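First to last, the sequence lines map onto chains S and W.
Read in order, the letters of the first sequence are residues 1 to 211 in this note's numbering.
Read in order, the letters of the second sequence are residues 1 to 556 in this note's numbering.
No lab work stands behind these hints: they were computed from the structure.
Keep in mind the model is a prediction, meaning the values are calculated, not measured.
For each residue, glycine too, the CB sits at the ideal point set by N, CA and C.
Treat the hints with caution; some may be incorrect.
Said to hold, decoys possible - Only pairs whose alpha carbons sit at most 27 Å apart, straight line, appear in this in silico DSSO-like list of lysine-lysine:
id: 1; chain 1: W; residue 1: Lys338; chain 2: W; residue 2: Lys314
id: 2; chain 1: W; residue 1: Lys6; chain 2: W; residue 2: Lys519
id: 3; chain 1: W; residue 1: Lys186; chain 2: S; residue 2: Lys30
id: 4; chain 1: S; residue 1: Lys199; chain 2: W; residue 2: Lys142
id: 5; chain 1: W; residue 1: Lys504; chain 2: W; residue 2: Lys445
id: 6; chain 1: W; residue 1: Lys470; chain 2: W; residue 2: Lys480
id: 7; chain 1: S; residue 1: Lys123; chain 2: W; residue 2: Lys135
id: 8; chain 1: W; residue 1: Lys135; chain 2: S; residue 2: Lys89
id: 9; chain 1: W; residue 1: Lys504; chain 2: W; residue 2: Lys519
id: 10; chain 1: W; residue 1: Lys142; chain 2: S; residue 2: Lys123
id: 11; chain 1: S; residue 1: Lys199; chain 2: W; residue 2: Lys135
id: 12; chain 1: S; residue 1: Lys123; chain 2: S; residue 2: Lys30
id: 13; chain 1: W; residue 1: Lys517; chain 2: W; residue 2: Lys6
id: 14; chain 1: S; residue 1: Lys30; chain 2: W; residue 2: Lys183
id: 15; chain 1: S; residue 1: Lys30; chain 2: S; residue 2: Lys50
id: 16; chain 1: W; residue 1: Lys142; chain 2: W; residue 2: Lys74
id: 17; chain 1: W; residue 1: Lys366; chain 2: W; residue 2: Lys356
id: 18; chain 1: W; residue 1: Lys413; chain 2: W; residue 2: Lys6
id: 19; chain 1: W; residue 1: Lys332; chain 2: W; residue 2: Lys314
Unchecked claim - Far from chain S, by Cβ distances over 12 Å, these chain W residues were calculated:
id: 20; residue: Ala58
id: 21; residue: Leu106
id: 22; residue: Gly376
id: 23; residue: Ile381
id: 24; residue: Thr416
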Amino acid sequence: MAATAVNLPSAEAGAEDVNLLSATVVAGLKNLGTIISPALTKTLIANSMKLTLHPDATIAPVPEIYASNAACAKQSEYGVVTLYAVATKHGWDGLALRQQLENLSIHSMAVDELTRVFEDNRKDLILRQLQLGHNFPHITDVQWRIVSDVKSSTSDSSTGVANFYINLGHFRQSSGERITVVEFVCNAEELQSLINRLKEIERHCAQMAVA
Amino acid sequence: MDEVDKIIMHQLNQVDPGIDPTEELSEFTPEQVVRAVSGCLSEIRPELELPRSLPGGAMAQRFGVASSLAEGCKECGYRGDIGYQTFLYPNAVELRRLLMYLIEQLPRERLEKEEGTGKQQSLSHRELLQRRIRKELTTQLKTPWVPQFARSVGNRKSMGCSSLCIEFRPHVNLSVPSADPEKRTKEEQQYFDQLAPNLFQQTASSSVDLIASVLHKNELDRWGRELQDSDLLFVDSEEPTPILNPSKSHPEKSSSDVEDVDPTQELSNQVQELQIQCETLLAERKSHAAALSALKLRESKAAEEINRIQPLLKAHERASLVLADPEENIAKLEALLKSTQAKRQTLTQQWQEYRKPLLENLETLKSAKEAQHVQGIRSNIEQLEKELQEKTQLHNELNAALRNSSQSLAPRKEYTRRIHEFIGNIRKQRADIFKVLDDTRQLQKQLNVVGAQLQRQFNYTDDLLFQSAKHDLHAKRAYKLLAQLHSNCSELVECVSLTGNVTKQIRELEVQIDAEKLKNVLTSLQQITGDIQKFEQHIQELQAQIQAVEQANRGS
Numbered sequence: 001m002a003a004t005a006v007n008l009p010s011a012e013a014g015a016e017d018v019n020l021l022s023a024t025v026v027a028g029l030k031n032l033g034t035i036i037s038p039a040l041t042k043t044l045i046a047n048s049m050k051l052t053l054h055p056d057a058t059i060a061p062v063p064e065i066y067a068s069n070a071a072c073a074k075q076s077e078y079g080v081v082t083l084y085a086v087a088t089k090h091g092w093d094g095l096a097l098r099q100q101l102e103n104l105s106i107h108s109m110a111v112d113e114l115t116r117v118f119e120d121n122r123k124d125l126i127l128r129q130l131q132l133g134h135n136f137p138h139i140t141d142v143q144w145r146i147v148s149d150v151k152s153s154t155s156d157s158s159t160g161v162a163n164f165y166i167n168l169g170h171f172r173q174s175s176g177e178r179i180t181v182v183e184f185v186c187n188a189e190e191l192q193s194l195i196n197r198l199k200e201i202e203r204h205c206a207q208m209a210v211a
Numbered sequence: 001m002d003e004v005d006k007i008i009m010h011q012l013n014q015v016d017p018g019i020d021p022t023e024e025l026s027e028f029t030p031e032q033v034v035r036a037v038s039g040c041l042s043e044i045r046p047e048l049e050l051p052r053s054l055p056g057g058a059m060a061q062r063f064g065v066a067s068s069l070a071e072g073c074k075e076c077g078y079r080g081d082i083g084y085q086t087f088l089y090p091n092a093v094e095l096r097r098l099l100m101y102l103i104e105q106l107p108r109e110r111l112e113k114e115e116g117t118g119k120q121q122s123l124s125h126r127e128l129l130q131r132r133i134r135k136e137l138t139t140q141l142k143t144p145w146v147p148q149f150a151r152s153v154g155n156r157k158s159m160g161c162s163s164l165c166i167e168f169r170p171h172v173n174l175s176v177p178s179a180d181p182e183k184r185t186k187e188e189q190q191y192f193d194q195l196a197p198n199l200f201q202q203t204a205s206s207s208v209d210l211i212a213s214v215l216h217k218n219e220l221d222r223w224g225r226e227l228q229d230s231d232l233l234f235v236d237s238e239e240p241t242p243i244l245n246p247s248k249s250h251p252e253k254s255s256s257d258v259e260d261v262d263p264t265q266e267l268s269n270q271v272q273e274l275q276i277q278c279e280t281l282l283a284e285r286k287s288h289a290a291a292l293s294a295l296k297l298r299e300s301k302a303a304e305e306i307n308r309i310q311p312l313l314k315a316h317e318r319a320s321l322v323l324a325d326p327e328e329n330i331a332k333l334e335a336l337l338k339s340t341q342a343k344r345q346t347l348t349q350q351w352q353e354y355r356k357p358l359l360e361n362l363e364t365l366k367s368a369k370e371a372q373h374v375q376g377i378r379s380n381i382e383q384l385e386k387e388l389q390e391k392t393q394l395h396n397e398l399n400a401a402l403r404n405s406s407q408s409l410a411p412r413k414e415y416t417r418r419i420h421e422f423i424g425n426i427r428k429q430r431a432d433i434f435k436v437l438d439d440t441r442q443l444q445k446q447l448n449v450v451g452a453q454l455q456r457q458f459n460y461t462d463d464l465l466f467q468s469a470k471h472d473l474h475a476k477r478a479y480k481l482l483a484q485l486h487s488n489c490s491e492l493v494e495c496v497s498l499t500g501n502v503t504k505q506i507r508e509l510e511v512q513i514d515a516e517k518l519k520n521v522l523t524s525l526q527q528i529t530g531d532i533q534k535f536e537q538h539i540q541e542l543q544a545q546i547q548a549v550e551q552a553n554r555g556s
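Please model the entire structure based on the sequences and the hints provided.
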């Protein structure tokens, strides 16, 4: 997804696992349980997870996280979110995550909490990350009308031919606004052929499911 | 019926080895019935959540379990009479019918699956993926359509990637405190402590995504040091970086404002001058480049020539040296020639001496290798012989096993023979029934013919007697007697048909009585009365408890 096309330099290839996290992330994780108190650590992790999973929901702010040492808290938030994103991207389970964290010598209480929260929300994280990416637009809505010309630049009277004006689109998830993906005009025969093609897809799917 | 029971027992034992086989179905306890039926149902429809055993204690719980199982059987398509009584007060006939139905419904591939478990492990990833796709398609085809906005809620969420695709749009300029706090200036630290928005505020805009942003920043931090800035190409950035040039050109502008000349004119003049300069410089550069390339070409040609001439020069030098004093040089050369020849001879001799033992060694090694090869082939032959013997032995054993198994297959042949016999009997009986039906029809026909004849005869006689009765007294009497005779006869016929009907009813009742006798109503009735008594007792206990509680309440 991200810019991973860069070749690994051979000197760092051996320590690849550790290097999946940048220095800023590691510094942020090391703050947990040490500079940030254990109680605050728990709140911070829970808050980060909530905000990661539900970006659109309105979640009450937790000002006490930033009450003292706000810079460290901000760094840690970034660290936690990045850790979970990287873990989900590379398909770690709870054990693998714990191993990675222990290699980085993070505070043990923070390791426990991070692993527990990750295991509890692993499926949701995977689903959240699955939705992310570049893709062709999904078509979830069809609008249509029958059109016929009344008068054209070449003819003064109507030809009386009816055509189908079809508009395929989808709704934007955040705002509900409708987006047109494709618009086209076809006659009854072409429409019939399109419908038959679509039915063919359905039939094929059913056959595959049965076989 | 014993054999049917045996087959049912065998099948049940395969479904659930925990069911104790008994000789006959009539000996099944309610617990066993529940276990057997729920085992079969869970094989037929694994998605149903069914109780596996009958609780021992309270009647109400037993009733609940039995009703849920009956419901399950009905859902599986069992059309017979079924209810809680089938499980709590089982009788052999109904139970046999139910179990036979359930065993017929058992999935066929169950056995094949058990056989195929060994093979399944060696399935390739591709096949596993195809299987998963197939499964997913099956579930998707079964799920109802849900509007797009409802897809993010409810169980639909667990279906994974629906149409809710979020674009991978990172915030390219996330501001997060860097790893090393000592590198930060005081102002930076203050900014991060007080003013800086946190990560979530920075990514709150709908045009960027949190996870995309953090993944992007993480990769950038990991690799950004090693990449030149020019290598990084940001296509999408929300706030375009401000152009720095205007600020630089600003002071010039102000200075030109001070002078009272038309600034645009001056600037355009300058631009034109610069353009002309640029053009001339470019032309110069072009001509210089052309000259440079021509010179380079000449240089390479000259180097080539030098390379070609140098060896020639060396040969010429030598020749001239030799030619300077010809006789002495020739003698020197001859001596050199001779010494070289002698040297060569000694070397060939040495070589021969050295070569001889090596050749001998090679010969011996070759022969040894051949011998080894022959030895290897021999041992191979011996091994193969041994294997052959083993295989023959195995073949013999398997033959014996085959003979044994064909003997043990005998009951199956016996069963098929019996089934054929039954079918033959049934056919014979059917033919008999058809014959009897034919006879009956024939008889009916004859009866009708005779009846019609009699009717005609009677009418004729009636007419005749009626005519003569007007004149004759005896005839009058005879007419009366005829009428009486007719009515008596018709009464008799009625009586006979009534008797027939009654016999038919009696036979039906006898059949019904036999059926009821099979259901051993008496024991069931006893059990039911026992259960009712238990219930009454329970109710009384409850009433007593209620009273006690009420009294306690009143007392307080």
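Okay, the hints, checked on the actual structure:
A hinted pair counts as satisfied when its Cα atoms are at most 27 Å apart, and Lys338 of chain W with Lys314 of chain W qualifies at roughly 26 Å. Proposed proximity of Lys6 of chain W and Lys519 of chain W is supported: the alpha carbons are some 21 Å apart, at most 27 Å. Distance restraint check for Lys186 of chain W and Lys30 of chain S: the Cα-Cα separation of roughly 22 Å lies within the 27 Å cut-off, and the hinted pair is therefore satisfied. For the hint linking Lys199 of chain S to Lys142 of chain W, the alpha-carbon distance of about 16 Å falls within 27 Å, and the restraint holds.
Restraint check for Lys504 of chain W and Lys445 of chain W: satisfied, since their Cα atoms lie roughly 21 Å apart, inside the 27 Å limit. Under the criterion of a C-alpha separation no larger than 27 Å, the hint pairing Lys470 of chain W with Lys480 of chain W is consistent with the structure, at around 13 Å. Annotation: proposed proximity of Lys123 of chain S to Lys135 of chain W holds, straight-line Cα distance about 19 Å (limit 27 Å). Restraint check for Lys135 of chain W and Lys89 of chain S: the C-alpha separation of about 25 Å stays at or below 27 Å, so the hint holds.
Pair hint Lys504 of chain W plus Lys519 of chain W holds up; C-alpha atoms about 23 Å apart against a cutoff of 27 Å. Between the alpha carbons of Lys142 of chain W and Lys123 of chain S the distance comes to roughly 23 Å, so the proposed pair stays at or under 27 Å and holds. In summary, the hint linking Lys199 of chain S to Lys135 of chain W is supported, as the alpha carbons are separated by about 20 Å, within the 27 Å threshold. A C-alpha spacing of about 26 Å is found between Lys123 of chain S and Lys30 of chain S, which places the hinted pair at or below 27 Å, so the restraint holds.
For a cut-off of 27 Å, the pair hint linking Lys517 of chain W to Lys6 of chain W stands: about 24 Å separates their Cα positions. About 18 Å separates the Cα atoms of Lys30 of chain S and Lys183 of chain W, which keeps this hinted pair within 27 Å; it holds. With a CA separation close to 21 Å, the supplied pair Lys30 of chain S and Lys50 of chain S stays within the 27 Å bound. At most 27 Å may separate the alpha-carbon atoms for a hinted pair to count; Lys142 of chain W and Lys74 of chain W meet this at roughly 22 Å.
Only pairs whose Cα atoms come within 27 Å are accepted, and Lys366 of chain W paired with Lys356 of chain W is accepted, the gap being roughly 16 Å. Taking the CA atoms of Lys413 of chain W and Lys6 of chain W, the gap is about 16 Å. The hint holds against a cut of 27 Å. For a cut-off of 27 Å, the pair hint linking Lys332 of chain W to Lys314 of chain W stands: about 21 Å separates their Cα positions. Listed as outside the interface, Ala58 of chain W is consistent with that label: its C-beta sits roughly 38 Å from the nearest C-beta of chain S, beyond the 12 Å cut-off.
Non-interface call for Leu106 of chain W relative to chain S: holds, since the shortest CB-CB distance, roughly 20 Å, exceeds 12 Å. Every CB of chain S is more than 12 Å from the CB of Gly376 of chain W (nearest about 46 Å), matching its label as outside the interface. For Ile381 of chain W, the shortest C-beta to C-beta distance to chain S comes to about 51 Å, beyond the 12 Å cut-off, and the non-interface label holds. No Cβ of chain S approaches the Cβ of Thr416 of chain W within 12 Å, the least distance being about 34 Å, so the stated non-interface status holds.
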